[in-house]
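**Q** Given next are the chains, with one letter for each unit.
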Amino acid sequence: MSALVRGWDRYWFTPASAFRLGAFRIIVVAFQLWILLNRQLLAYGKSLNEIPGALYDPLVVFRILTLPLGYEGPRSVLSGPWGYRPTDLHLEIVHAIVLVSGVLALVGLRTRPALALFAWGNLFLQAFFYSFGEFHHPEALFLITLCVLPFSPAGASLSIDEVRRRLRDVDAEQRVRSFDVVTERSAMAGWPIKMVAWLMSLAYFSSALTKWMRSGHDWLNGYTLQYYLVQDGIRWGSELGLWLGGQHVPVVVMSWATILWEATFWLVLVVPALAIVYVPIGASFHLGTHILMRATFWHFHALYASFVPWDRLVLWARERLAPDRHALVVYDGRCPICLRSVTLLRSLDLLDRLRFADLEVEGRAAIERTGVPDGEVPSIQALRHEMHTVGPGGGLYTGFGAFRRIARLLPPLWALVPLVHLPGASAIGETLYRRVARSRVRLGGCVEGVCGRE
Amino acid sequence: MRTRPAARAKILTSLVIGGVLLLQAQAVFPVRRLWPFLDYPMYRTAHYAGESVPRYRVVGIAADGREVEMDPASLGLSFFKHLHGPVEALETGDAERFAIFADVFRERQGTTIVAARLENHPVVIDTSGTREGDLVVVTELRLPGEGAAR
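Protein chains in written order, with the working numbering: chain U, 1 to 454; chain V, 455 to 604.
For the record, the hints were derived by calculation from the structure and aren't laboratory data.
Where hints are given, some of them may not hold.
[Claimed, not checked] Listed next, with one range per pair, are the computed distances between beta-carbon atoms:
1) V:Gly564 - U:Glu239: 32 to 40 Å
2) V:Asp548 - U:Trp243: 33 to 41 Å
3) U:Ile97 - V:Leu589: 46 to 54 Å
4) V:Gly473 - U:Pro138: 16 to 24 Å
5) U:Glu92 - V:Gly564: 49 to 57 Å
6) U:Glu92 - V:Arg458: 22 to 30 Å
7) U:Trp414 - V:Glu523: 29 to 37 Å
8) V:Phe483 - U:Leu4: 38 to 46 Å
9) V:Gly547 - U:Leu240: 20 to 28 Å
10) U:Leu78 - V:Glu523: 53 to 61 Å
Given the structure is predicted, the values throughout are model-derived calculations rather than measurements.
Think of the CB as a built atom: it goes at the ideal place given N, C-alpha and C, for glycine as much as any other residue.
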């Protein structure tokens, strides 16, 4: 028994990349927000309210989500009449909750409750959409995944929560901890990723198994897939599907490939490295069913993002993108706001392009080592006065100029780069920087603009 | 003995993992489908050379004798809602259920339907490709009572 528990613990709770889970959170939330807005699901939900009440048959999940509103006895939870049907106003409220919680979950602010609300709202809306006698499969695994994410530390990386936690630590300890957001690992970060692989494996296996149980070898005869290509080609107006439906031999090959791939997808659970084969095939397969049969499974594409080792990709990018070109940020280790700034910059430094030097420890020597000519190395007084950065090319930048140079090195700030180079941005930025710099306090009780030794 | 927070988190998480996987695993052989935990039985039935793909067309007969097509757009339904709604109602001869769609049609199009016909315009599959099959009238239905009287 204890061996089983240990095995379970080792399988699900081996430390894994928190960064990868954070990246997956961002992708699934962004994807669902895009779906909500792009497909105008609120308008669709309202249009369903025009369907006669006789056709309203809520899914069990919807009945449970709306307990006790529609409760009409114990049996009503499973089937039969249900006393609650959301009005247009209710749909608008839920939709608004989903949008707000989605944005919070995306940026990682109060991530856990935001994800929980986001999952609840999406489940509510989708279950309502499917409460009129038909339901479909594309969203099912995706919604299950959304529902389990709040139980995970999906907001522990690539989130405002993460930055806030680090800033709290800095405030408490008054020193900058060394950390690398990309390589951090957590025992609780791996299981959601593995669970997605399990869910997809079960779904694909179910698909292959039901074909085999229903039709045996005959499913591979080519006519079967021809039939479905033509059927969906007619239904949804796919000329390409109709054309392929008439090509017997290629369709026989496609039939075999489909069954083999579906029936063996679970191998990625045993040998995770096989994902490099199965995932691109799966993504192409779903793209193909979309083009040929209008069987759209974009949600599966979003779930495939869980197979991508985002942390390793970023580490790979670090090595490829000028690994020796770093900028040096010289900061005042006695100034709390400087410590917070450095912590914030470290959190954003995904490509590991920044190096930091505490001027109280290393003094001017840190700048001298970068090759800045002796005469240009600022005095200790000047270094305390404002942030100094030596760029990868050796140029010395101060104040807002330093921020502007740093922004080019930090991917999360790339969106700001054009803005900070607009005409007038320098003047505004420098004014803001001075205002913040003046308000900083130095440990030891001094400053107000100029920091002297205590 | 008190459980440490990390151990408690693992126990709770294990319950979530176990519960979700059990629900999804049982869906492979579902006793009752519990969306979103589903089996994936789409496209599972084998077909053979010479079979035809049905193409249904719902034709409504108005009180003045005109024939009008009751397609998904005219009823404000998706393809599947149309298939599982008026098409299925006609196929099974369920006049009472079909009357619901006749009412929707009257509200949306301003035409009162007194009878309806389900036609199949099939496409035949074989190794040489596809061809049009012969038209089949699947069923004809006269609406009872109020629907017909209006």
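**Q** For every hint, state whether the structure bears it out.
**A** Against the structure, the hints come out as follows:
1. For the hinted restraint 32 to 40 Å between glycine 564 of chain V and glutamate 239 of chain U, the CB-CB distance of approximately 35 Å keeps it satisfied.
2. Between aspartate 548 of chain V and tryptophan 243 of chain U, the C-beta spacing of about 37 Å keeps the proposed range 33 to 41 Å intact.
3. Checked against the hint of 46 to 54 Å, the pair isoleucine 97 of chain U and leucine 589 of chain V passes, with Cβ atoms roughly 51 Å apart.
4. The hint said 16 to 24 Å for the Cβ distance between glycine 473 of chain V and proline 138 of chain U, and at roughly 23 Å that hint holds.
5. Under the hint 49 to 57 Å, the C-beta atoms of glutamate 92 of chain U and glycine 564 of chain V, about 30 Å apart, miss the expected range.
6. For the hinted restraint 22 to 30 Å between glutamate 92 of chain U and arginine 458 of chain V, the CB-CB distance of approximately 45 Å leaves it violated.
7. In this structure the supplied range 29 to 37 Å is violated for tryptophan 414 of chain U paired with glutamate 523 of chain V, their Cβ-Cβ distance being about 54 Å.
8. Taking 38 to 46 Å as the suggested C-beta distance range, the pair phenylalanine 483 of chain V and leucine 4 of chain U does not conform, at roughly 25 Å.
9. For the pair glycine 547 of chain V and leucine 240 of chain U, the supplied restraint of 20 to 28 Å is violated, since their beta-carbon distance comes to about 37 Å.
10. For leucine 78 of chain U and glutamate 523 of chain V, the Cβ-Cβ distance of about 38 Å falls outside the hinted range of 53 to 61 Å, so the restraint is violated.
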